[in-house]
Structures are given as structure tokens and as C-alpha cells.
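Q: Line by line, the protein sequences are chains A and B. With the first letter of the first sequence counted as 1, position 324 gets the number 324 in the UniProt record's numbering; the numbers rise by one all the way through. With the first letter of the second sequence counted as 1, position 104 gets the number 104 in the UniProt record's numbering; the numbers rise by one all the way through.
For the record, the hints were derived by calculation from the structure and aren't laboratory data. For each residue, glycine too, the CB sits at the ideal point set by N, CA and C. Be a bit skeptical, because a hint or two may be false.
[What the hints assert, rightly or not] According to the in silico footprint, chain A covers these stretches of chain B (three or more CB under 8 Å from chain A):
| # | region |
| --- | --- |
| 1 | 188-197 |
| 2 | 247-260 |
| 3 | 270-277 |
[Unchecked claim] Taking CB as the label site, the calculated pair distances span:
| # | chain 1 | residue 1 | chain 2 | residue 2 | range |
| --- | --- | --- | --- | --- | --- |
| 4 | A | P254 | B | G147 | 45 to 51 Å |
| 5 | A | A209 | B | P256 | 20 to 26 Å |
| 6 | B | A285 | A | A226 | 41 to 47 Å |
| 7 | A | A322 | B | L67 | 49 to 55 Å |
| 8 | A | G69 | B | D279 | 30 to 36 Å |
| 9 | B | R13 | A | D203 | 55 to 61 Å |
| 10 | B | P119 | A | P254 | 32 to 38 Å |
| 11 | A | A226 | B | A140 | 29 to 35 Å |
| 12 | A | Q19 | B | P256 | 32 to 38 Å |
| 13 | A | Q19 | B | A206 | 34 to 40 Å |
| 14 | B | P256 | A | E21 | 36 to 42 Å |
| 15 | A | A57 | B | P119 | 56 to 62 Å |
| 16 | B | N253 | A | P254 | 52 to 58 Å |
| 17 | B | G147 | A | P66 | 29 to 35 Å |
[Claimed, not checked] Just a sample of chain B residues kept apart from chain A, beta carbon distances all over 12 Å, derived:
| # | residue |
| --- | --- |
| 18 | M1 |
| 19 | R12 |
| 20 | A62 |
| 21 | R113 |
| 22 | T139 |
| 23 | D214 |
| 24 | E264 |
| 25 | G298 |
| 26 | I310 |
| 27 | G323 |
Protein chains: 2
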Amino acid sequence: MPASNRRILLARRPAGIPQPEDFAIDEEAVPEPGPGTVLVRNIYLSVDPAQRGWASAEANYAQPVPLGGPMRALAVGRVLRSRAEGVQEGEFVYGWFGWQDYAVVEPKAIVHRATEPVPLSAHAGLLGINGLTAYIALTALGRPVAGDSVLVSTAGGAVGALVGQIARNLGARPLGLTGDDAKVDLCRSRYGYAEAWNYRTTDWDARVAETAPDGVNVYFDNVGGAILDTALRRMAAAGRVVQCGTASIASWNPLPSGPRNEREILTRRLVWSGFVVFDHVPRFAEARQTLAGWYEEGRLTYDEDIAEGIAQAPGAIKALYAGENRGKKLIYVG
Amino acid sequence: MPASNRRILLARRPAGIPQPEDFAIDEEAVPEPGPGTVLVRNIYLSVDPAQRGWASAEANYAQPVPLGGPMRALAVGRVLRSRAEGVQEGEFVYGWFGWQDYAVVEPKAIVHRATEPVPLSAHAGLLGINGLTAYIALTALGRPVAGDSVLVSTAGGAVGALVGQIARNLGARPLGLTGDDAKVDLCRSRYGYAEAWNYRTTDWDARVAETAPDGVNVYFDNVGGAILDTALRRMAAAGRVVQCGTASIASWNPLPSGPRNEREILTRRLVWSGFVVFDHVPRFAEARQTLAGWYEEGRLTYDEDIAEGIAQAPGAIKALYAGENRGKKLIYVG
Numbered sequence: 001m002p003a004s005n006r007r008i009l010l011a012r013r014p015a016g017i018p019q020p021e022d023f024a025i026d027e028e029a030v031p032e033p034g035p036g037t038v039l040v041r042n043i044y045l046s047v048d049p050a051q052r053g054w055a056s057a058e059a060n061y062a063q064p065v066p067l068g069g070p071m072r073a074l075a076v077g078r079v080l081r082s083r084a085e086g087v088q089e090g091e092f093v094y095g096w097f098g099w100q101d102y103a104v105v106e107p108k109a110i111v112h113r114a115t116e117p118v119p120l121s122a123h124a125g126l127l128g129i130n131g132l133t134a135y136i137a138l139t140a141l142g143r144p145v146a147g148d149s150v151l152v153s154t155a156g157g158a159v160g161a162l163v164g165q166i167a168r169n170l171g172a173r174p175l176g177l178t179g180d181d182a183k184v185d186l187c188r189s190r191y192g193y194a195e196a197w198n199y200r201t202t203d204w205d206a207r208v209a210e211t212a213p214d215g216v217n218v219y220f221d222n223v224g225g226a227i228l229d230t231a232l233r234r235m236a237a238a239g240r241v242v243q244c245g246t247a248s249i250a251s252w253n254p255l256p257s258g259p260r261n262e263r264e265i266l267t268r269r270l271v272w273s274g275f276v277v278f279d280h281v282p283r284f285a286e287a288r289q290t291l292a293g294w295y296e297e298g299r300l301t302y303d304e305d306i307a308e309g310i311a312q313a314p315g316a317i318k319a320l321y322a323g324e325n326r327g328k329k330l331i332y333v334g
Numbered sequence: 001m002p003a004s005n006r007r008i009l010l011a012r013r014p015a016g017i018p019q020p021e022d023f024a025i026d027e028e029a030v031p032e033p034g035p036g037t038v039l040v041r042n043i044y045l046s047v048d049p050a051q052r053g054w055a056s057a058e059a060n061y062a063q064p065v066p067l068g069g070p071m072r073a074l075a076v077g078r079v080l081r082s083r084a085e086g087v088q089e090g091e092f093v094y095g096w097f098g099w100q101d102y103a104v105v106e107p108k109a110i111v112h113r114a115t116e117p118v119p120l121s122a123h124a125g126l127l128g129i130n131g132l133t134a135y136i137a138l139t140a141l142g143r144p145v146a147g148d149s150v151l152v153s154t155a156g157g158a159v160g161a162l163v164g165q166i167a168r169n170l171g172a173r174p175l176g177l178t179g180d181d182a183k184v185d186l187c188r189s190r191y192g193y194a195e196a197w198n199y200r201t202t203d204w205d206a207r208v209a210e211t212a213p214d215g216v217n218v219y220f221d222n223v224g225g226a227i228l229d230t231a232l233r234r235m236a237a238a239g240r241v242v243q244c245g246t247a248s249i250a251s252w253n254p255l256p257s258g259p260r261n262e263r264e265i266l267t268r269r270l271v272w273s274g275f276v277v278f279d280h281v282p283r284f285a286e287a288r289q290t291l292a293g294w295y296e297e298g299r300l301t302y303d304e305d306i307a308e309g310i311a312q313a314p315g316a317i318k319a320l321y322a323g324e325n326r327g328k329k330l331i332y333v334g
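Only chain A is shown next, with the shape it has when bound in the complex (with noise of 0.2 Å):
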């Protein structure tokens, strides 16, 4: 166990995708916890886009990381001390502990307890944002229901895979894009898919059309940009358009443009809405459950992508919007 707290620093604001040099290493003692609060050990740092939104100074739904704070993220840890009610010691928790090695928080940091039957990794993933992401945005934004198609983009990331499953879980047709063979490969093998393409190669626009050739009912965005515009005109009346990322707009200084699509919208009655995971905390436990079930039943396939040490972290944003990750991108630190 290192006798010191190493921290990843936000050392400027990015422009755009946070690369390696907007972050800076040091070193401090591990610290104390003061009364109400607990020190965990952080043993998996998670890697999510939405870290790119927490990075950046603008107007967002979440406060922007102060400059020289360690990084927010979330983590699956231990509690090595408590001196808050409630909370023990030894007990493995998911939350908001940061790119470090320790963290000192309140009990509100932790998202959850990780009690349910997965393996520890999976509660930063499977049972954490991503999987929560996937379950809650598409039965509560996509509503989906049998036979529905359900087109995705960023098919097979972390999210994305899950909601291949999802979709297939509940009776839906998930259709996936993605932007590698490989990925390809594993959306229809892996992640539940009935088709996928590469949408850097293939004229996915035409495909859809074959493979829907009443619409797409719904669409689970993680990208915006050209994918979605084209989406947007391939959608069903009464379709669900689910914006639950923009990760295809490098910088969205200068705003940039696109075709008008509030015709579409109108025309084809969308109902297209933003998720924030953050907003359904109620609905966590159930959707923990349901995820865990159905992966203890087999349904549900999990895939990590796991380097080692936290000096892979600076550069780790920067690799999941390259889409160089094969499965929920974690740090291992433990």
C-alpha cells in the first residue's frame, strides 16, 4: 500500500478533449480523515467521456473541476477508516473518490455499496454510470418496446454495449455504429446487436434504411454531429431521440453548425431528450439490480479494458475518444 497519495491535477483547462498535458502528477501525504468523513483506497479509477464536460469551464450541468484539484472521477474503492455514522470500515464502495490514490470524503461521495454478486471491477461499470447510463436512459428516455429498432452509436463502448443488450433484453432490435471492424465484430457477437456497421466504411445511412425500413423508433445518441443529423432522417413518427453524449464535436468553441432540425423533429413528432444519469438516483437500486440479475443469468456480457498504475491516467480521456478502449476503460491502482 503506498505510503503517499499520488493525485492527478487538472493543470489547465483543456480545449476540447482533455489530453495528457492538461494534467499534472504530485505526491502528498495520505491524509486524515476529520470527523463525518471516511479514507478510502482507491483500487479501480473509472475513465468516462463525461469527465471531458467536468473538465471544461463552460456553462454544464456539473461545477468545473477547480484548477489544481486532483480530477474528479469516480472509483471503486475501500473504506480503510471511517469516522462517519453509517459507513464501516472494510466495506467496498463506488463514488466520487478522484484520479488518486485516497481519497478523504463524506458518506454523500459514495454512489453505492458494492455488495451485489459481480466481480469488484464491474461496479465501476456494469453497476456503475455505464450501466446505470444504459439501463436508465433507454427505458426511461428510449422506451423501447418489442420489436422496436433501436439504433446506437458508439456501439461498442462502454456504454453502448450495454444497451445492445439492453434493447435485446426487452425484446427490441438494437442496430449499432461504431468505428472499428473489431468493434463490429463484437457488437454483433457479443453485445446483443442484430446488425452493425463501421460508420467510418459503410454507408450505414443506406443500411438502416434496408434494415428499418419503417424508421428507427429509437435512437441512442452518444456522439451528436453528422451521426446524429443523419439519424435524425431516418427516424420512425413518434420516434425517441436519447442525447446521452456529443463525443463526435472535438470543441464546442466556436459553436459549431449543422443543418436546421427542428423540421424533423416536428414532422416526424420526435421526443428527443438529454439524460444525466445524475438526475435518476432513484431509480438506482433498481436498475442495479436488474443489470446484476441479468448478468448472473448469463444475459449480460461484460467487457473491461484494465491498464495498470496511475500514470495512465492523463492520457486515458484522451484514448476512450480516439475509441482506442475494448471495453469500460478503468485504472487499476489497488
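Fit chain B to the supplied structure of chain A, relying on the hints for placement.
A: Just chain B, lined up with the frame of chain A:
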């Protein structure tokens, strides 16, 4: 009563907003109803922004009006002869009777019987698609709760004038955008708006920011374009955007561009829905009852702008899009 049937025909496909030259007038013998149909004598022809879409050949929620056929329109008329079960001669009816003096239609062309205690012409507006749109789009898609800020574009139009009053009757706080100062006054004095601004001459974005510092909860959009883009950036978290029209867009071919909006949808967790009133037929009776009740109680003011004679029809859509009407635009042909 005219001895012949004058009809306004769609002579060519409009390029954008229908112009007088896109129509022709002809005259035919008064048609005879066949079995299962009725002969309606039109009294008030309705002029509606949606007619632009109906006249267009572009993909839409409705089949395009056939070239050379009578212009699709709603109207209030009286049944002169009935060869259909359940329709009585002498009944006043509102429905799909077209821009013509007489129509032979099946009973399914009748949207409703004009039985509520309102002036006959009000069946084409207050209790017709304008009122139904205002009431159902606001309550089903906008869903304001007491105290919500409800921003409305074309606030002085046939729909907007009702949206303001309905929002006020529901305890919300309507804020209106309109294109001339006379309508600003009407919005404030007659149409229930807490505030209204001339978007051509006022920095309405700054006014909205002052008036609704916590953001706009519902944006009821009839115009699209730059006003929509600005309004999206004034929305409160979890705000609802109702896409009811796109009147500010002169042409969709070529497809106009604008700033990308998916980040606003995501970070503000908006719900942006398209509204077409005829998706909501099961709610029509309830909506008419509520609107007629408010009208009787003096809680709903209703203005009309009635032109005389069918020769006014070909220029009427253009005038509507130019905002020249004061109240619901009708053409009296009875």
C-alpha cells in the same frame, strides 16, 4: 347561395411559402353527394400555417395536396344534403372541406359538429385546430406547472394568443415574442402574457434572462430558426420545448444550417417534442370542452381577422406568414 362551386386549386408546387400565383380559381357545377357522402356548404374557410406543409411535395406527416386539386383546408360549413348515416341535414360542421364553396365528403372528413355555445366562426379557430393545438400541445408536451415560465413565439398569432391565456389559466407565467408593437400590446393586454417583446426591435434574450432568471421551463415554438436557437440557451434544466411550427424558415430546400444544439439538449436535459394536432384526436373533445368553458367564463379572449370572399384565399397564406393578420385568419364565403 352560389349556383356553382368556386374552387381554389393548387396550380403548382410552392417554393417555400405559398404565393398567390401558386393557386388558380375555377368554377364547376355544385357537386352531387353520392351514397355515403354529404354535401357541405362552406361558410368560413380556415387559413393555417400548416397549409404550407400540405402544399409541399417534401416528405411530411401528410400526403401532399395533388396538383390541380382544390387546396386542402379546414372550414366551417353546413350540411345541405346527407346521404351518410349519422349526419343530419342542417348540421353545422368543422372539417376537411377545402378552399371551395361546396364540398362532397365522407363523414370522416368532419372533425367535429359545431354544438358548443360559441360563435359559429370560433369552431374554425378557438375550438378548431388552433385552440386544440394550443391546449393539447401545451398540456401534453409543454406540461407547465404553476409558476413555470412559458416562452411562446408568434405569441400574437391564432395559436399563440391562446397559448398565453391557457398558460395563465394553468397558473404559469407566459412570456411572448411577436413581430410588431401592436401585437406586443395585445399580448400584454388581451392574451394573458405577463411580458411580451417585439423580437425585431428588442433584445428579448436579455429581457427573458432578467424576467426568468432561473430559465424558461417551457418554450412553445412556432417559428424555428434563430429564435429557437436563442431560446434553447435560455432553458431551465428539464425544460420542455414544443416544436409546433417552423414559420421563420422561408425554405427547407436547400436545408438551412444553424448552430448545433445537441449539447443544449444534453446539458440542460431538455425534452424537445414535435407536435402535430391530429395525433391527438382522442383528446379533442376534452380540449374543446375546456376551451368552451373558459370562453363562457370570460377566461379566454378570442380574436378573428375575417376576409370576405373566396378571391382572398390565394394570398392568405403569404399574408399569414408575414404576420399581417390580427387574430385567427378566416375567409367568409357563406
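Q: Now, for every hint given, state plainly whether the structure supports it.
A: Evaluated hints:
| no. | hint | result |
| --- | --- | --- |
| 1 | 188-197 | violated (count 0) |
| 2 | 247-260 | holds (count 8) |
| 3 | 270-277 | holds (count 7) |
| 4 | A/P254 - B/G147: 45 to 51 Å | violated (36 Å) |
| 5 | A/A209 - B/P256: 20 to 26 Å | holds (24 Å) |
| 6 | B/A285 - A/A226: 41 to 47 Å | holds (44 Å) |
| 7 | A/A322 - B/L67: 49 to 55 Å | holds (52 Å) |
| 8 | A/G69 - B/D279: 30 to 36 Å | violated (50 Å) |
| 9 | B/R13 - A/D203: 55 to 61 Å | violated (30 Å) |
| 10 | B/P119 - A/P254: 32 to 38 Å | violated (53 Å) |
| 11 | A/A226 - B/A140: 29 to 35 Å | holds (32 Å) |
| 12 | A/Q19 - B/P256: 32 to 38 Å | holds (35 Å) |
| 13 | A/Q19 - B/A206: 34 to 40 Å | holds (36 Å) |
| 14 | B/P256 - A/E21: 36 to 42 Å | holds (39 Å) |
| 15 | A/A57 - B/P119: 56 to 62 Å | holds (57 Å) |
| 16 | B/N253 - A/P254: 52 to 58 Å | violated (27 Å) |
| 17 | B/G147 - A/P66: 29 to 35 Å | holds (34 Å) |
| 18 | M1 | holds (39 Å) |
| 19 | R12 | holds (22 Å) |
| 20 | A62 | violated (9 Å) |
| 21 | R113 | holds (27 Å) |
| 22 | T139 | holds (16 Å) |
| 23 | D214 | holds (14 Å) |
| 24 | E264 | violated (8 Å) |
| 25 | G298 | holds (33 Å) |
| 26 | I310 | holds (29 Å) |
| 27 | G323 | holds (19 Å) |
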